[in-house]
Amino acid sequence: MTRKALSGIFSKFKGEEGDLIPILQSVQEKDGYISEDAVEHVARFLKISENQIYGVATFYSQFRFTEPGRNCIKICMGTACHVRGGRSLGVTLEKELGISPGETTEDKRFDLQRVACLGCCALSPVIQINKDIYSRMTVMRLRKILERYE
Amino acid sequence: MNNFEKKRKAVQKKWNALKNSGVPLIYLGTASCGIAAGAMDVLESIRKILKENRSKAKIIRVGCIGPCYLEPLMDIEMPGQPRISYANVDPKLAGKIVKAHLLKGKPPGQHAVGHFGEGNGKGTEGIPRFFDLPMLKPQARVVLRNCGFIDPEEIDHYIANDGYAGIMKAFEMGSEAVLAEVREAGIRGRGGAGFPTYKKWEICRIQKAKEKYLICNADEGDPGAFMNRSLIEGDPHAVLEGMLIAAYAIGATQGYIYIRAEYPLAIARLKKAITQMQKYGFLGKNIQGSGFDFDIKIKEGAGAFVCGEETALISSIEGKRGMSRARPPFPAVAGLYSKPTIINNVETLGTLPNILRNGASWYKRFGTKGSCGTKTFSLVGKAKRSGLIEVPLGTKLKTIIFDIGGGSLKPFKAVQTGGPSGGCLSEKFLNTPVEYESLAAAGSIMGSGGLIVVDEDTCMVDLARYFINFCAEESCGKCTPCRVGVNQMLIILNRICEGNGMQGDIELLERIGKTVKATSLCGLGQTAPNPVLSTIRQFRKEYEMHIRDKRCPASVCQDLFLSPCQNTCPVGMDVPGYVSLIATGQFEEAIRVGRETNPFLSVCGRICDHPCMSKCRRNELDDPVAIRSLKRFIGDYAREKNISSGIWVSPETQPEKVAIIGSGPSGLSCAYFLARLGYPVTVYERLPVAGGMLAVGIPEYRLPKDILESEIQLIRDLGVKIQTRTTVGRDITIRDLLAQDYKAIYAAVGMYGDRALRVPGEEANQVLQGVDFLTDVNLGKKVQVGQNVAIIGGGNTAVDAARTVLRLGAKKATIVYRRTREEMPAFEDEIQESYEEGIDMVFLAAPTRIILGEEGQVTGMECIRMRLGDYDNQGRRMPVPIEGDLFTLDVDTVIPAIGEFADVRDLFIDMDVATNKNGTIAVDDEGQTNIPGIFAGGDVSIGAATVIKAISAGERAAVAIDRYLRGDLNRHYPWRVRSRSPVSFDPSAEPVDYPIVSPKLLSVTKRRKGFVEVQTGMSVRIAKKEAERCLRCDYQEESE
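As you go down the protein sequences, you meet chains P and H in turn.
Residue numbers for the first sequence follow the numbering used here, so the first one is 74 and each next one is one higher.
Residue numbers for the second sequence follow the numbering used here, so the first one is 440 and each next one is one higher.
Only chain P is shown next, with the shape it has when bound in the complex (with noise of 0.2 Å):
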């Protein structure tokens, strides 16, 4: 992320304690993840150290601190999505795009996410991609799907 863009994102900010976590939700938000040179800027903006940084954004499963894919994959792991078969979607995906949740496919096509609850639990199992979401997924439909995204 460019200098001026890191100083758009401060300016809306007052540069208190509580203002990290929202301040690194909106470098991801820009940059897809949270580099350790935005880290380095993040700290001498709010005059706290990288240590304390990392040690907040390590907590939180949001951030990520690699390099996203071109298409974000969640797949949902709550409990209406386990009892209707998000467990089997979930390995299939991975056999598919050949990674592990947390990982991105050699290409950067695309990254794999678990996640804990995406609250369509009705329609179980769900998946996301990038905005889009699928409902009442079945193995079956995985494929054409993931052929959409370039």
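For the record, the hints were derived by calculation from the structure and aren't laboratory data.
Mixed in with the good hints there might be a few duds.
Pairs of lysine-lysine residues, derived as DSS-like cross-links and limited to a Cα-Cα distance of at most 27 Å, are as follows [unchecked claim]:
hint: 1; chain 1: P; residue 1: Lys217; chain 2: H; residue 2: Lys531
hint: 2; chain 1: H; residue 1: Lys1439; chain 2: H; residue 2: Lys1250
hint: 3; chain 1: H; residue 1: Lys543; chain 2: H; residue 2: Lys458
hint: 4; chain 1: P; residue 1: Lys147; chain 2: H; residue 2: Lys710
hint: 5; chain 1: H; residue 1: Lys711; chain 2: H; residue 2: Lys497
hint: 6; chain 1: P; residue 1: Lys85; chain 2: H; residue 2: Lys718
hint: 7; chain 1: H; residue 1: Lys1220; chain 2: H; residue 2: Lys1448
hint: 8; chain 1: P; residue 1: Lys120; chain 2: H; residue 2: Lys736
hint: 9; chain 1: P; residue 1: Lys87; chain 2: H; residue 2: Lys649
hint: 10; chain 1: P; residue 1: Lys147; chain 2: H; residue 2: Lys759
hint: 11; chain 1: H; residue 1: Lys1221; chain 2: H; residue 2: Lys1144
hint: 12; chain 1: P; residue 1: Lys204; chain 2: H; residue 2: Lys487
hint: 13; chain 1: P; residue 1: Lys120; chain 2: P; residue 2: Lys103
hint: 14; chain 1: P; residue 1: Lys87; chain 2: H; residue 2: Lys736
hint: 15; chain 1: P; residue 1: Lys120; chain 2: H; residue 2: Lys778
hint: 16; chain 1: H; residue 1: Lys759; chain 2: P; residue 2: Lys120
hint: 17; chain 1: P; residue 1: Lys85; chain 2: H; residue 2: Lys649
hint: 18; chain 1: H; residue 1: Lys724; chain 2: P; residue 2: Lys85
It should be emphasised that the depicted structure is a prediction, and the values quoted were computed from it without experimental measurement.
Since the structure of chain P is provided, determine the placement of chain H on it from the hints.
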């Protein structure tokens, strides 16, 4: 305040104008559920068709009205007519409906699910009232009142529907009176703990501080719960107004909404709503002239379940790791930035405007004394009708699961409440009212409102592991009991599910669980063991099966089985084995594989209730593999080509004689396995023929006698002697057998006593008890039936009797069943074939008396109509007679077939054999009775069950007898070894894409003429084709 009332009046005018404008309105559900189901594509389609037709109709995008399983929901309201709701609408159907209803004025009733008018007006013929639908009727939409009716992004809609009237009233009352009202209303925190809301407020209110905070906890982290999300997306102002009320009562100066980042739509709607609030003067300084200042900031969570716990939430807002703190001090005293802070749940806040507007006594009309009001729930999992519901507290669990939710497709097993903090409740608890205290007493908790229904396809051990895994991942790590203890429980559960469970694991889980509960710092650790402890309490047997037997009965824990079909089969038939061999034409080998575990291939291939097919994974693609028909194919092929088995037989013989009482499937199965183990076996049978129910209970047209006889002959060929016309207990006693040097006895006499109807007139000669009737016909006796026969009952015996009666020459056969068609226990294909053969069925009726003529002959039967009443604990509705609603059937013969019972007193003459309350013989898991050397199995110990279960009991008893006689518990049995089929399989190949083969049936005219077999078998070509549909679940890739 005057200004606002003016504003409200203006807005109400606008709202009424919208509703009565003479312009059609289209409501479309676009909350996350609707969008996930495809509502945005539907929206596009609607817009397109309106544009094409230059329609002035307005589209109102609304929130979730409840039945998520019906999404996308599209409603059309024509001027002057009731709004009609259409379900499962896709873009094409939407176009069709809009054309028909909106443009042509003809609502297509077949797609409509309900209407919102009063009574049945014009245009709503045949369409039920939406709120009278079974799913909606028991509900009380208080908090959710606006969801589905207003556009959540229009503050004017909210205001027109009494929005912000609550806070205006609060300003009039003054903050102290507001707190009193909330105390009077008795509302308890809806986040899960159920702490009285007013109490927390009181503590905070009396704190002297310049700054106080009110936080709305919208970090709905329980997997399976989405009620808060739906409320925010459907009616965000209700929550915001609630925040104003709460903040006013406690004297807060700043508000926060802590909301999960995983709810982007809810966040967007909140942001918009807050902006609107500011514009209308409901935020900022001196709100509506009340002197009250308040502002709201949104803080997004970053993916940590523990941040739903209040002190962790506070840490997170402060920019720290979400770790809990010790209490005291409680947040109400020192919370966010050490200032007095109140954290309330979204639903609690959303309820407040209703309490203020309508008063506490209005609110108390809902719910019970200790648990006032209503509660929203997300009813999900295997419920047929899943979605968002709101019911008065005190509603019974069974009302929610069966009346509202429609029950589950497969038999109900349990409902999980309270998320990862809660417990599983089996059918024993279905009568529990949903209240804070009763759920806790039942071993669970209310929690935030997730209700997850599970059925026989859910493994309770795996479910417990799922929850503990979740908590282990979400544990903040601060305190040792949670960080280490929960992780240890996970390690143990993983071991169990992988087949490495050890004796003592259950006790260890209980001990660790209790310690973690008692010593953890916060609610996460204190409740994480609950799902494990409650499943151990209610499903201990399932844990024991995993640990001791290395079995997963639900066929979920993949390390414990190869294929679900084989795992579910009571005798563990190697289904992928013989199916794959059929596919490759290796029929002889297929026959051998089949017969290793079951001598009755042709028999079971015709009459088994095939649990394997209900678990077949091919079901998820199209239909199951026709496993039963394939089994029949190899059984019949073996007979046709006279193929001998090649099954394993022990090279040693054993000296001990074993006597078996009863030559039904259980007795013969036991004989089969004992003979293979080398024992001399004699089977004593009271009837003139061998086979038990297979021979005399099942009619010839379903199971031809010669087919049965050929498979019984296989057992004789192993050296088994069958002595017919010998009743043990009368012609010879068990003591006699023991004196004749039999070293072990297996009693498998079955259940053949007919249950009496207990109505006057039953003693007439033309009343023929069901089992006796079928037995006589099958034994070739001459049986007189009249012209007009009534058969009472809904199981296979009743259906068999009805179809037999027609073949004996009766003109009419009528089945009278006290429940409905859907609840008939008889096999589906039998019922279907009965209809085809012209059998009448009268449902929801039961006989009250049999009318006799002058000579005591049957001339008619008086019946009373029934209605379905309350649910019993198995999820079946109990039939209740409708007083005075009698009718008479003209019949001359009555055949009751309402169930069987066992009476073993004669059998065990002067022997003290333990029996169960219902007369069945008490045995342990292996079939051993309380008398050493005497075993029992089949219907006589399980109760009326199935043939395959009887065969399984026979096999288990044979093993138990062998171990008993050899004095060695470690003997092994080759037919029990499970291995992958040797037939090769290409996992990357696409499955063949044709559906299940339809069975060929004899024509109806041919059927009624006699007892020729109705279902024909498959040809070689079709059998091979069908077998290729198998997905080879037994194939497991070698891991690197």
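Each hint tested on the structure:
1. Distance hint between Lys217 of chain P and Lys531 of chain H is fulfilled; the C-alpha atoms sit about 21 Å from each other, no more than 27 Å.
2. Under the criterion of a C-alpha separation no larger than 27 Å, the hint pairing Lys1439 of chain H with Lys1250 of chain H is consistent with the structure, at around 26 Å.
3. Annotation: proposed proximity of Lys543 of chain H to Lys458 of chain H holds, straight-line Cα distance about 20 Å (limit 27 Å).
4. Proposed proximity of Lys147 of chain P and Lys710 of chain H is supported: the alpha carbons are some 24 Å apart, at most 27 Å.
5. The straight-line distance between the Cα atoms of Lys711 of chain H and Lys497 of chain H is roughly 21 Å, inside the 27 Å bound, and the hint therefore holds.
6. Taken as a hint, the Lys85 of chain P and Lys718 of chain H pair is honoured in the structure, with Cα atoms around 21 Å apart against an allowance of 27 Å.
7. Restraint check for Lys1220 of chain H and Lys1448 of chain H: the C-alpha separation of about 18 Å stays at or below 27 Å, so the hint holds.
8. Restraint check for Lys120 of chain P and Lys736 of chain H: the C-alpha separation of about 23 Å stays at or below 27 Å, so the hint holds.
9. A threshold of 27 Å between alpha carbons decides the hint, and for Lys87 of chain P with Lys649 of chain H the separation of about 21 Å falls inside it, so the pair holds.
10. A C-alpha spacing of about 26 Å is found between Lys147 of chain P and Lys759 of chain H, which places the hinted pair at or below 27 Å, so the restraint holds.
11. Distance check on the hinted pair: Lys1221 of chain H and Lys1144 of chain H sit about 17 Å apart at the alpha-carbon level, within 27 Å; holds.
12. Among the hinted pairs, Lys204 of chain P with Lys487 of chain H is consistent with the structure: their alpha-carbon atoms are about 23 Å apart, no more than 27 Å.
13. The suggested pairing of Lys120 of chain P with Lys103 of chain P holds, with an alpha-carbon distance near 22 Å, which does not exceed 27 Å.
14. For the hint pairing Lys87 of chain P with Lys736 of chain H, the CA-to-CA distance comes to about 14 Å; that is within 27 Å, so the pair holds.
15. Under the criterion of a C-alpha separation no larger than 27 Å, the hint pairing Lys120 of chain P with Lys778 of chain H is consistent with the structure, at around 24 Å.
16. For the proposed pair Lys759 of chain H and Lys120 of chain P, the alpha carbon gap of about 14 Å is at most 27 Å, so the pair holds.
17. For the suggested pair Lys85 of chain P and Lys649 of chain H, the alpha carbons sit about 26 Å apart, so the restraint of at most 27 Å is met.
18. Between Lys724 of chain H and Lys85 of chain P, the direct Cα distance comes to roughly 22 Å. Compliance with the 27 Å bound is thereby established for this hinted pair.
The structure is consistent with each of the numbered hints, conforming to all of them.
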